[in-house]
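Go by the hints and put chain B onto chain A.
For the protein sequence lines, the chains are A and B, in the order given. Heads up: the first sequence begins at 1 in the working numbering, then just goes up one per residue. Heads up: the second sequence begins at 1 in the working numbering, then just goes up one per residue.
No wet-lab data here; the hints were simulated from the structure. Treat each hint with caution, since some may be false.
Some chain B residues well away from chain A (every beta-carbon gap over 12 angstroms; in silico) [unchecked claim]: (1) D114; (2) N117; (3) R130; (4) P155; (5) R185; (6) I283; (7) L310.
DMTMM-like cross-link-like pairs, simulated, lysine to aspartate or glutamate; straight-line CA separation at most 25 angstroms [as the list claims (entries may be wrong)]: (8) K85/B <-> D133/B; (9) K190/A <-> E28/B; (10) K105/B <-> D133/B; (11) K84/B <-> E109/B; (12) K307/B <-> E271/A; (13) K85/B <-> E109/B.
Okay, the calculated bits of chain B under chain A, using three or more residues with CB under 8 angstroms as the criterion [claimed, not checked]: (14) 51-62; (15) 80-92; (16) 171-181; (17) 245-252.
Built from N, CA and C at the ideal position, the CB exists for glycine as well.
Chain by chain, the residues run as shown.
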Amino acid sequence: MIALRRPRMSRLAWHEARSGLLFLSPWIIGFLAFTLIPIVATLIFTFLNIKLTQDVPLRFVGLDNYIALFGDSQVWDSLLVTFKFAAISLPVAVILPFGVALLLNSRSLRASSLFRILFFMPYVVPFVAGVLIWAQMLNSDTGWINGLLGFVGIQGPDWLNDQTWVYPGLVIIGVWGIGGGIIVNQAGLKGIPTELYDAARIDGAGWWGQLRHVTLPLMSPVIFYTLVLAVVEVLQYFLVPLVLNQGTGEPGGTTRFFNLYLYQTFFSYQEMSYGATLAWLLFVITLAITGLLFWSARYWVYYAGESSSSA
Amino acid sequence: MSITAQRPIPALPLEKARPAKRRRSLSETRNSFALTMLAVVLVAGFLSPLLRSFALSFQTPEQISQVGAPLWPASPQTYDYQGKKYSVYKVPIDGAIRDMALVKKGRTESQLVDPANPGAGLVTWQGSWRTLDPALTFAPTFDNYTDVWRLLNYPRLLFNTAAIAIIGLIGTVVSCTLVAYGFARFRFPGRGILFLILISTIFLPTAVTLIPTYNIFLRLGWVGTWLPLLVPAFFANAYDVFLLRQYMLTIPREMDEAAAIDGASPLRTLISVIVPQAWPVIIAVGIFHLVYSWNDFFGPLIYLSTKPELQTLAVGLAQFSANRSAQEPGLIQAGTLLTLIVPVILFLIFQRVFMRGVVITGVEK
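Pulled out of the complex, with its shape left as it was, chain A reads as follows (with noise of 0.2 angstroms):
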């Protein structure tokens, strides 16, 4: 290492490393108490046959866990229901607030400060509040979005109670959780100089080529970002089934998302070893689809910072 040819700290040096790690050391024992070991553990776990109730002697079950999960079609499937449900809202929670933050950033919007404080707000509304009340918009009687469907003449459909309408329900449903993309969308679209803009309308760009040639890949770090924290949320959806349905997986079994089994594994059966191999699994899911993200991010991502030198 580089270390070897470096004269030893000196003793200020010394000093002031020692103060640096005192005040992190609230969250370096933060992180080994509540992060490494666990984690640690959890892998461990994987390879025993531990049960919140020991009620059979612990024992070294070597990859039995690892067999089971390729049996179990319940993994299978409700990882099926999960990328399903991501297919459709990920485009939503990622092109939403892209939208709203063109629209709230264009200089023809009067009151622009007031619409982002109203598009934002329901952000902060507690979730189980947003989905009780979000849960009355979607019904099929009384609900105000079939009312205005019927309105222009057509039958809506029973949102959360059938098969198909499910999930488009449930990401109606996520909606008030754009406030967060809408800001930071916001914050870099201003963040994108005018002089290139300018410059592509002496090209003759239009809306459409500005749009396409200047915001868009200018943009493309704060996409990626939103999509790379919309996939790990994504895979850890099963929060909002849980409230509206008490997680028993209707309409049909398509709410019943991996985390749902995750934690039904765990809490009602459990079986902890078992929920800890799931638990690794979404890991290593998620691991490999963001890595996958960040591989490809290469080819679409922008920095300007990178080949040429740029604010």
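Here is chain B on its own, set in the frame of chain A:
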């Protein structure tokens, strides 16, 4: 998304300074009007569920379930005529619509009385009474609020939620300030890697630490107490440390160097030089934690499920609505509004600080 020192974006980015104002052309005005109208429609749709919830919370189950119920709390009007109650309908008579009490219903003709002029006696009206619309009066009920207050044990849950949020706030602010100071002001080997580890915990699925953590809390006898919700707050978290560190990096070092020369210890410097300058972002961290803790569902759900008297509003509300059938939407919506009112008001008061905080944690990583 680079980890660079930048002064936080100042307050609300109000409109950018425009080039010398010339008179706006007609098409610009039209554009601006159309776009603003679009925003009004979108925001109205976006927030309409709140309005719906608000209206429902003042309605009785009968008002909600009546056929053709309007959006506001409405009850059918009645009129006492000769000791009996009759419903009042909107009746077209002589080209005008009048509110009349329906005394005798008939398919082809009905007997009516005018509540404004009962002395005139019964009036015969030609037509089926079924075609008539009932006359409605504005009749909001406050029973939903008083009932849910009692049934949800609201004062107790409110106290629990607030206590957990405030104790956690103290822990978060203190621990995150210390850790952020360590990252912002001291050089030591491994600092970069530690910071990277800190940030990467944001992307960690909670499930991967949940099982052993729950188990430890169970063995410690902490399940069924507030401790699992409070203690981790005293050990800092990635978002808030990042936010504070970014801000501290923008504070000039000259001042803490001067303090150090005067013999101040690093802790002294933090308290008397850094903290007074970092107030805006410390407040942001505090508000973030309050809202986060207020809205947390999973933590209280798993750690307090056996102790309803220690439970928070979010979980209490979810269980309340699960135990009641959908027959009482008014009651549930009243509980919902009582749950969301505190974070929404906090946000509206501190919206500048709040949104600036979101920008820093979101954009610069």
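Now for the hints, and whether the structure bears them out:
Against chain A, the non-interface label of D114/B holds: every CB pair exceeds 12 angstroms, the least being about 34 angstroms. Every Cβ of chain A is farther than 12 angstroms from the Cβ of N117/B; the closest lies at roughly 38 angstroms, confirming the non-interface assignment. For R130/B, the requirement that its beta carbon stay farther than 12 angstroms from each beta carbon of chain A is met, with the minimum near 22 angstroms. Look at P155/B: its CB is around 18 angstroms from the nearest CB on chain A, clear of 12 angstroms, so calling it non-interface holds up.
In this structure R185/B is not separated from chain A by more than 12 angstroms, as the shortest Cβ-Cβ distance comes to only about 7 angstroms. Every CB of chain A is more than 12 angstroms from the CB of I283/B (nearest about 15 angstroms), matching its label as outside the interface. L310/B, annotated as away from the interface, keeps every beta carbon of chain A farther than 12 angstroms; the closest lies near 17 angstroms. Restraint check for K85/B and D133/B: satisfied, since their Cα atoms lie roughly 17 angstroms apart, inside the 25 angstroms limit.
The hinted pair formed by K190/A and E28/B meets the criterion: a straight-line CA distance of about 21 angstroms does not exceed 25 angstroms. Of the pairs offered as hints, the one joining K105/B and D133/B holds, with about 14 angstroms between alpha carbons and a cut-off of 25 angstroms not exceeded. For the hint linking K84/B to E109/B, the alpha-carbon distance of about 20 angstroms falls within 25 angstroms, and the restraint holds. With a CA separation close to 23 angstroms, the supplied pair K307/B and E271/A stays within the 25 angstroms bound.
As the CA atoms of K85/B and E109/B are separated by approximately 20 angstroms, the hinted pair is consistent with the 25 angstroms bound. Here the region 51-62 of chain B counts 3 residues with a CB under 8 angstroms from a CB of chain A, which clears the bar of 3, and the coverage holds. Coverage of the region 80-92 of chain B by chain A is violated [criterion: at least 3 residues with CB-CB distance below 8 angstroms; count 0]. For the region 171-181 of chain B, the stated coverage by chain A is satisfied: 4 residues place a CB nearer than 8 angstroms to a CB of that chain, which reaches the threshold of 3.
Check result for the region 245-252 of chain B against chain A: violated, 0 residues qualifying (beta carbon to beta carbon below 8 angstroms, three or more required).
Violated hints, listed in ascending order, are 5, 15, 17; each of the other numbered hints is respected by the structure.
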